[in-house]
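Trainee: Sequence:
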Amino acid sequence: MKSNFTKEISEIIRARFPLIYLQTFEEERALGILKDLCASSGKNGLNRPLYAWSQTQGLKQYPDGKIDTSLLSPHQLLDHIEKATNTALYVLLDFHIYLDDQHRTPDNDRIVRRLREIGISLRNANFARTVAIISPIVNLPQSLQKDVMMMDFPLPTQPEIRTALDRLILKQKGGGVQVFLTEEDKQQLCKAALGLTQQEAEGTFARAMASNGALTASDVDLILAQKQQILKKSGALEYVGSDFNLADVGGLENLKKWLDKRNRTWMDEAKRYNLPAPKGVMVTGVPGCGKSLIAKAISSMWKLPLLRFDISSVFGVYVGQSEANMRRALQTAEALAPCILWVDEIEKGLGGASGGEGDSGTTRRVFGNFLTWMQEKQALVFVFATANQINRLPPELLRKGRFDEIFFVDLPNIEERKQIFKVHLRRRLTSPEARGEFQETEQILEELATLSDKFIGAEIEDAITNALYEAFFESRAFRLEDLKRIIKNTPRFADMQADYLQSIRSWAKQRAVSASKGFEQD
Numbered sequence: 001m002k003s004n005f006t007k008e009i010s011e012i013i014r015a016r017f018p019l020i021y022l023q024t025f026e027e028e029r030a031l032g033i034l035k036d037l038c039a040s041s042g043k044n045g046l047n048r049p050l051y052a053w054s055q056t057q058g059l060k061q062y063p064d065g066k067i068d069t070s071l072l073s074p075h076q077l078l079d080h081i082e083k084a085t086n087t088a089l090y091v092l093l094d095f096h097i098y099l100d101d102q103h104r105t106p107d108n109d110r111i112v113r114r115l116r117e118i119g120i121s122l123r124n125a126n127f128a129r130t131v132a133i134i135s136p137i138v139n140l141p142q143s144l145q146k147d148v149m150m151m152d153f154p155l156p157t158q159p160e161i162r163t164a165l166d167r168l169i170l171k172q173k174g175g176g177v178q179v180f181l182t183e184e185d186k187q188q189l190c191k192a193a194l195g196l197t198q199q200e201a202e203g204t205f206a207r208a209m210a211s212n213g214a215l216t217a218s219d220v221d222l223i224l225a226q227k228q229q230i231l232k233k234s235g236a237l238e239y240v241g242s243d244f245n246l247a248d249v250g251g252l253e254n255l256k257k258w259l260d261k262r263n264r265t266w267m268d269e270a271k272r273y274n275l276p277a278p279k280g281v282m283v284t285g286v287p288g289c290g291k292s293l294i295a296k297a298i299s300s301m302w303k304l305p306l307l308r309f310d311i312s313s314v315f316g317v318y319v320g321q322s323e324a325n326m327r328r329a330l331q332t333a334e335a336l337a338p339c340i341l342w343v344d345e346i347e348k349g350l351g352g353a354s355g356g357e358g359d360s361g362t363t364r365r366v367f368g369n370f371l372t373w374m375q376e377k378q379a380l381v382f383v384f385a386t387a388n389q390i391n392r393l394p395p396e397l398l399r400k401g402r403f404d405e406i407f408f409v410d411l412p413n414i415e416e417r418k419q420i421f422k423v424h425l426r427r428r429l430t431s432p433e434a435r436g437e438f439q440e441t442e443q444i445l446e447e448l449a450t451l452s453d454k455f456i457g458a459e460i461e462d463a464i465t466n467a468l469y470e471a472f473f474e475s476r477a478f479r480l481e482d483l484k485r486i487i488k489n490t491p492r493f494a495d496m497q498a499d500y501l502q503s504i505r506s507w508a509k510q511r512a513v514s515a516s517k518g519f520e521q522d
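Read in UniProt numbering, the sequence shown has 382 at position 382, and its numbers run on one by one without any break.
By construction, these hints were calculated from the structure, which means they are not laboratory data. Keep in mind the model is a prediction, meaning the values are calculated, not measured. Don't take every hint at face value.
Stated by the list, open to error - Under the rule of at most 30 Å between Cα atoms (straight-line distance), these lysine-lysine pairs were calculated in the BS3-like manner:
hint	residue 1	residue 2
1	K7	K261
2	K256	K83
3	K422	K517
4	K400	K377
5	K261	K83
6	K400	K488
7	K400	K303
8	K261	K173
9	K191	K35
10	K422	K256
11	K261	K35
12	K517	K488
13	K146	K173
14	K422	K377
15	K173	K256
16	K171	K191
17	K66	K83
18	K348	K454
19	K256	K35
20	K377	K348
21	K400	K261
22	K43	K484
23	K191	K83
24	K303	K232
25	K454	K279
26	K257	K35
27	K35	K171
28	K186	K271
29	K257	K509
30	K400	K348
31	K261	K279
32	K7	K173
33	K186	K377
34	K191	K146
35	K271	K256
36	K256	K60
37	K422	K271
38	K488	K454
39	K186	K173
40	K279	K257
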């Protein structure tokens with residue numbers, strides 16, 4: 001939240017931390033908050049001049065707006081800061097270009113060294129001066145890691161987005177744009193824009209106005225669609241739509257029941273029971289047995305947005321970049337709360353965290369950020385993590401208290417296979433041309449489930465799809481005989497990976513709860 005950030009950065013500056021690195025794409029908004037802080041003498045106020053530097057304008061003083069164009073060089077700037085004899089905050093814009101550890105030059109090496117010297121000088125100076133770098137990119141040489149305080153700039157809250165919306169509406173008055181919004185409509189529009197920067201939110205509202213010359217409640221869908229595209233560009237998070245529900249997932253009754261009991265526990269009515277909001281679950285086990293489908297089904301059942309988080313995509317080449325990307329992704333998820341954060345195959349992103357070997361411990365530090373966030377998060381972000389190779393994960397992630405529960409998904413038993421056949425046959429055979437005279441009677445489902453012993457859910461779906469390919473190729477309806485033959489000829493994952501299956505069952509026996517009604521196999 002803005003107030004928390006204001007308090008935190010004010011304390012850091014008043015504590016005379018000499019060098020601060022603020023990562024954000026919202027340069028204008030961040031600079032505005034810092035200007036307000038420096039102009040204020042009240043609570044959290046800094047009551048000092050602020051100087052903003054860029055390599056194109058030089059040094060601009062606030063609040064009077066004077067610009068010194070003789071300080072365009074970073075060397076001239078750093079000399080000026082060190083020699084200054086007044087209390088001040090210096091904000092350096094896009095200074096990351098001089099701190100690139102991957103493409104070092106002698107000139108940049110001198111700038112890095114100069115920053116270290118200034119850090120020492122400012123700590124011991126009579127006048128309190130702080131240097132704050134504002135940049136969308138984290139470039140932090142290893143030599144500066146211990147000298148610079150890294151800070152994350154929070155995304156705008158719903159009230160801040162509402163202020164931006166009201167300002168935009170006022171600006172458009174008399175411009176031919178009509179606004180048909182109730183107070184509730186405005187709240188819905190602002191809620192839909194959560195997770196965006198202020199500039200992105202304003203741009204999305206403006207596009208909605210431009211699309212039909214009006215702003216209405218129906219523009220929520222346009223804003224959500226635009227937000228999906230913006231989140232996709234981030235690389236780590238993807239907004240996932242879902243028309244699945246739990247009835248579309250065969251089996252896994254224990255897991256379904258657990259999830260159903262926790263529906264709506266983030267609503268105000270749950271507070272009367274003093275119930276904590278659920279933190280999340282880890283679902284591990286056999287691949288292809290519905291773990292990912294469950295994530296989509298929860299989103300539909302709980303009516304909450306679903307964000308797929310690709311942890312492996314947060315890793316970058318620069319020092320501190322990976323940790324910053326992780327913090328930014330989690331910050332975005334919190335801005336969208338209440339929501340579901342789906343971490344699919346989590347071991348692919350955090351599997352090396354136990355040692356951190358080979359990457360200077362980056363994986364370990366990224367894992368530490370994720371672990372701390374899970375332990376301390378206050379926002380209503382339900383983490384749904386899946387893993388196929390649970391033994392690759394650090395034990396700290398799996399201890400009691402990280403997740404509300406760890407569920408194990410085994411091979412579907414005969415009753416679950418019947419359900420899976422029923423779900424997929426009904427989903428595929430929707431037209432008279434494809435279905436023909438076929439009806440999935442209890443007897444047929446029993447026969448198919450028996451025939452498909454040791455099948456995983458994905459193998460059942462694939463067998464039905466292949467039977468339909470044959471029907472389509474021959475321009476006829478689906479035939480049960482085709483499906484039976486395909487089932488008989490399908491190599492089973494359980495047979496090909498018998499040792500793997502035995503190892504994960506042994507692990508789960510003492511550490512996880514069955515997602516189904518038992519581990520027993522028919």
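Trainee: All hints, please: hold or fail.
Mentor: Checked hints:
no. : hint           : verdict
1   : K7 with K261   : 39 Å, violated
2   : K256 with K83  : 66 Å, violated
3   : K422 with K517 : 19 Å, holds
4   : K400 with K377 : 16 Å, holds
5   : K261 with K83  : 64 Å, violated
6   : K400 with K488 : 43 Å, violated
7   : K400 with K303 : 28 Å, holds
8   : K261 with K173 : 48 Å, violated
9   : K191 with K35  : 28 Å, holds
10  : K422 with K256 : 18 Å, holds
11  : K261 with K35  : 48 Å, violated
12  : K517 with K488 : 27 Å, holds
13  : K146 with K173 : 51 Å, violated
14  : K422 with K377 : 40 Å, violated
15  : K173 with K256 : 50 Å, violated
16  : K171 with K191 : 21 Å, holds
17  : K66 with K83   : 19 Å, holds
18  : K348 with K454 : 26 Å, holds
19  : K256 with K35  : 51 Å, violated
20  : K377 with K348 : 23 Å, holds
21  : K400 with K261 : 20 Å, holds
22  : K43 with K484  : 75 Å, violated
23  : K191 with K83  : 48 Å, violated
24  : K303 with K232 : 21 Å, holds
25  : K454 with K279 : 33 Å, violated
26  : K257 with K35  : 52 Å, violated
27  : K35 with K171  : 24 Å, holds
28  : K186 with K271 : 26 Å, holds
29  : K257 with K509 : 20 Å, holds
30  : K400 with K348 : 22 Å, holds
31  : K261 with K279 : 14 Å, holds
32  : K7 with K173   : 36 Å, violated
33  : K186 with K377 : 28 Å, holds
34  : K191 with K146 : 38 Å, violated
35  : K271 with K256 : 23 Å, holds
36  : K256 with K60  : 59 Å, violated
37  : K422 with K271 : 39 Å, violated
38  : K488 with K454 : 12 Å, holds
39  : K186 with K173 : 16 Å, holds
40  : K279 with K257 : 17 Å, holds
In terms of the numbered hints stated before, the structure departs from hints 1, 2, 5, 6, 8, 11, 13, 14, 15, 19, 22, 23, 25, 26, 32, 34, 36 and 37, listed from lowest to highest.
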